[in-house]
Amino acid sequence: MFGIASTELALAYLLSIGAGLLCVIYGIVKYNDTGPMTEELREAAEREGEKA
Amino acid sequence: MSEKIIWAVVYFAIVIYLGYRGWKETKVASDYMLAGRQVHPFIMSMSYGSTFISTSAIIGFGGAAAMWGFPLLWLTFFNIFFGIFVAFVVFGKRTRRMGSALDAHTFPELLGRRYESRFLQGFAGAIIFLFMPVYAAAVLIGVARLLEVNLGIPYNVAVFIFTAITAIYVITGGMKAVMYTDAFQGCLMFVIMAIFVFWTYHWLGGFTSAHQQLTDLALNPAATEAIKGHPMLRGWRGWTQGLDFGTPMWLVVYTTIVYGVGIGVLAQPQLAVRFMTVKSDRELNRGVMYGGIFLMFMTGVAFVVGALSNVVFFKIPDITGKVLGQVAFIGGDKNIDKIIPAYVTNYFPEWFGTFFLLAMFAAAMSTLSGQFHAAGTSLGRDVYEKGLGARVTNVLTVNRIAALVSVLLAMACAFVLPESIIAKATAFFFGLCSATFLPVFILGLTWKGVTKIGGIASMLGGFAVSFFLLMFLHTPVSAPLGICKSLFGVPSLLASYAPGTTGFNMQFLDPNIVAMPVAFIIAWVVSMGTAKFEDKHLQKCWRFMA
Numbered sequence: 002m003f004g005i006a007s008t009e010l011a012l013a014y015l016l017s018i019g020a021g022l023l024c025v026i027y028g029i030v031k032y033n034d035t036g037p038m039t040e041e042l043r044e045a046a047e048r049e050g051e052k053a
Numbered sequence: 020m021s022e023k024i025i026w027a028v029v030y031f032a033i034v035i036y037l038g039y040r041g042w043k044e045t046k047v048a049s050d051y052m053l054a055g056r057q058v059h060p061f062i063m064s065m066s067y068g069s070t071f072i073s074t075s076a077i078i079g080f081g082g083a084a085a086m087w088g089f090p091l092l093w094l095t096f097f098n099i100f101f102g103i104f105v106a107f108v109v110f111g112k113r114t115r116r117m118g119s120a121l122d123a124h125t126f127p128e129l130l131g132r133r134y135e136s137r138f139l140q141g142f143a144g145a146i147i148f149l150f151m152p153v154y155a156a157a158v159l160i161g162v163a164r165l166l167e168v169n170l171g172i173p174y175n176v177a178v179f180i181f182t183a184i185t186a187i188y189v190i191t192g193g194m195k196a197v198m199y200t201d202a203f204q205g206c207l208m209f210v211i212m213a214i215f216v217f218w219t220y221h222w223l224g225g226f227t228s229a230h231q232q233l234t235d236l237a238l239n240p241a242a243t244e245a246i247k248g249h250p251m252l253r254g255w256r257g258w259t260q261g262l263d264f265g266t267p268m269w270l271v272v273y274t275t276i277v278y279g280v281g282i283g284v285l286a287q288p289q290l291a292v293r294f295m296t297v298k299s300d301r302e303l304n305r306g307v308m309y310g311g312i313f314l315m316f317m318t319g320v321a322f323v324v325g326a327l328s329n330v331v332f333f334k335i336p337d338i339t340g341k342v343l344g345q346v347a348f349i350g351g352d353k354n355i356d357k358i359i360p361a362y363v364t365n366y367f368p369e370w371f372g373t374f375f376l377l378a379m380f381a382a383a384m385s386t387l388s389g390q391f392h393a394a395g396t397s398l399g400r401d402v403y404e405k406g407l408g409a410r411v412t413n414v415l416t417v418n419r420i421a422a423l424v425s426v427l428l429a430m431a432c433a434f435v436l437p438e439s440i441i442a443k444a445t446a447f448f449f450g451l452c453s454a455t456f457l458p459v460f461i462l463g464l465t466w467k468g469v470t471k472i473g474g475i476a477s478m479l480g481g482f483a484v485s486f487f488l489l490m491f492l493h494t495p496v497s498a499p500l501g502i503c504k505s506l507f508g509v510p511s512l513l514a515s516y517a518p519g520t521t522g523f524n525m526q527f528l529d530p531n532i533v534a535m536p537v538a539f540i541i542a543w544v545v546s547m548g549t550a551k552f553e554d555k556h557l558q559k560c561w562r563f564m565a
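Here the protein sequences line up with chains A and B, keeping their order. Going by the numbering used here, the first sequence opens with residue 2, and the numbers climb by one from there. Going by the numbering used here, the second sequence opens with residue 20, and the numbers climb by one from there.
Treat the hints with care, as some may be off.
Unchecked claim - If you want the footprint, here are the derived chain B segments under chain A, 3+ residues with CB under 8 Å:
id : stretch
1  : 200–214
2  : 255–266
3  : 295–304
Calculated directly from the structure, the hints in this document are not laboratory data. Quick caveat: nothing in here was measured; it's all calculated off a predicted structure. Idealized CB from N, CA, C, for every residue including glycine.
Next up, chain A with everything else stripped away, as it sits in the complex (with noise of 0.2 Å):
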C-alpha cells in the first residue's frame, strides 16, 4: 500500500496523519469553546477562600 510493503507499517504512516487530522479538526470545531477563564477561576477561589 503506498510502496509500503507491510500493512502494518502503510497503517502507521496513515494513523500518524490521520492523528494529524484528528488534531486539525478538533482545533477547528472547538475554536472559540473557551470554558471558564483562569482569571475567574482564579477569582472565584480566592472569594472562597475569603468566605473560609
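With chain A's structure known, arrange chain B on it following the hints.
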C-alpha cells in the same frame, strides 16, 4: 564558515532579544513560573512542541529510522495522538482547571496540593531537580558536538557558550522568556523540516514512488550487503517492513522508543506545566491544532526522511555529482548520529545546511530552556520553599538562584558524562518520569478515590521499581551507568543469558512495561485500604472541572 557564523550570531541575537522581552514582562512569581497564565495558544503549543522535540529526536531518531525504517512511524502516531491530542484534550484541560483551583505554580505543586502532601511535592521536586540535569546534559552534549563540528568551536567552550546564552534568559526572564524563544525556535524548526521533506519526496518522484524505491532497495543485495549481519539489524526485514516480533530490536523499537517515549511524554514535568500557562480552554483547543501539525512535521518528517535517505544515498548524485551507491549507514560513516548531518551536507545546498544547523540549535535550546526552568522551579519552589518549609521573602530571587544551580549542575554533567550517554540519559529520564509521575498525575486528575497514602506509595513504588530495573536489568541503560557492574561484576543481571533465550531478550524490554503498571496497581490497592480524602478537599479540587 563565515556565513554560518553570521547567521548563528543573528539567531542568537533574536533569541536574546526575545529573552529580554520576557525579562521585562516578568514582575511576579506567577510570571516567572507560569508566564502570568496569559499565554497565546500559538506560543503555548509551539513552546510545548519545541520543548518536546530536541536535537536528538531529529538527528538521533532520524538516524535510527535510516537503520530500521518505517517502524518508527508508530512513535510519530503516539507523539501526535497521545503527546498532543490526549495530553491537551484529556489532561491539559484538567491540569489547567485543577491547577487554578489549587493555585499550583509547578507540576510537583499540583501533585502536592491534589494529594495534600508536602512530602509528595518535595519528593517530586527532588526527582526533577536531581535527574533533569542528566537529561539536560544529554541535550547539551549533542548540541555542543554540533557546534564543535560545524563552527570549529572547542567542545568545552561550546558547552559553556550554549549553556550561558540559554541560562541568561531562563534565569532572568523565567517562563515568559522560555516560551517566547521556544515559539521562535519552533517556527524555524517547522520551516526547515517542511523544506527537508518536500525536497526528499521531490527527488524520489512523490510519495508512492519514494516508498516503493525504499521497499525495492531492501531486496537489492548490492544495497544490503554492507549492513547484513549488523547487530542492530537482527530481526530487520526491510525499511518498509515491521521488525521480527520478540527480537531484541523489536523490543527496543516498540517498548522503549514507541511505548516508552510515546507514553512517557505525558508525565514530563516541563511539558505538563505549560497547560497552566493559558487563560482558558480555547488556547488548549487551538493549541491541539498547531501542536498536531508541528509534531507531524518534526518526528514524522525526521523518520520518513531518515528512512528515505537510504534511497537517496544509493541512487541520487550528491552536490558534487557523485553517486555514493551505498545505504545511509555507510553514508553516515557507520555512525547513526552522523546519518542526518551527512545527508544534509552531501545533498542539500549550503544555505540549507546553515539553516538546518540553526534549526538544530533551536531544537536543543528550546528543550534545554524548559529543562532548566523546570529543574530550577522544582528546587526553588518545591524542594526549598514547600518541601523544606523555608521562609521565602523574595520568591523571584530564590527561583532565579535555583535555576542557576540547575544550570551549573547540567553543565557539570555535560563535562563528565560520555558522548554515548545521550540516548541512554534521555531514555533514563523518560522512564523514571513515567513510572514515578504518570500514575499519580493521571489518577489525581481523574479519580476521586485515590488517597494520599495511595499517591505517595505509587510514586515511591514506581520510582523504586523503575530505578531498580534501569540500574540492574535493562542493559542498554545499566551498562553505561555502571552501577550493576561495580556491585555484581556484570553489565546487567540478565546479560549472562545466552542470546536468543527469553532471559536474554528481557534485558531489552523497557522497564516501564513493568514499572508503570506496578505503580498504577500500587495506587489502586493502597487507596482501597487507606483513608479517603474529605469531601471538602475533593470539592475544592474538582470545583472547576464541570
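Which numbered hints turn out to be false for this structure?
-> 1
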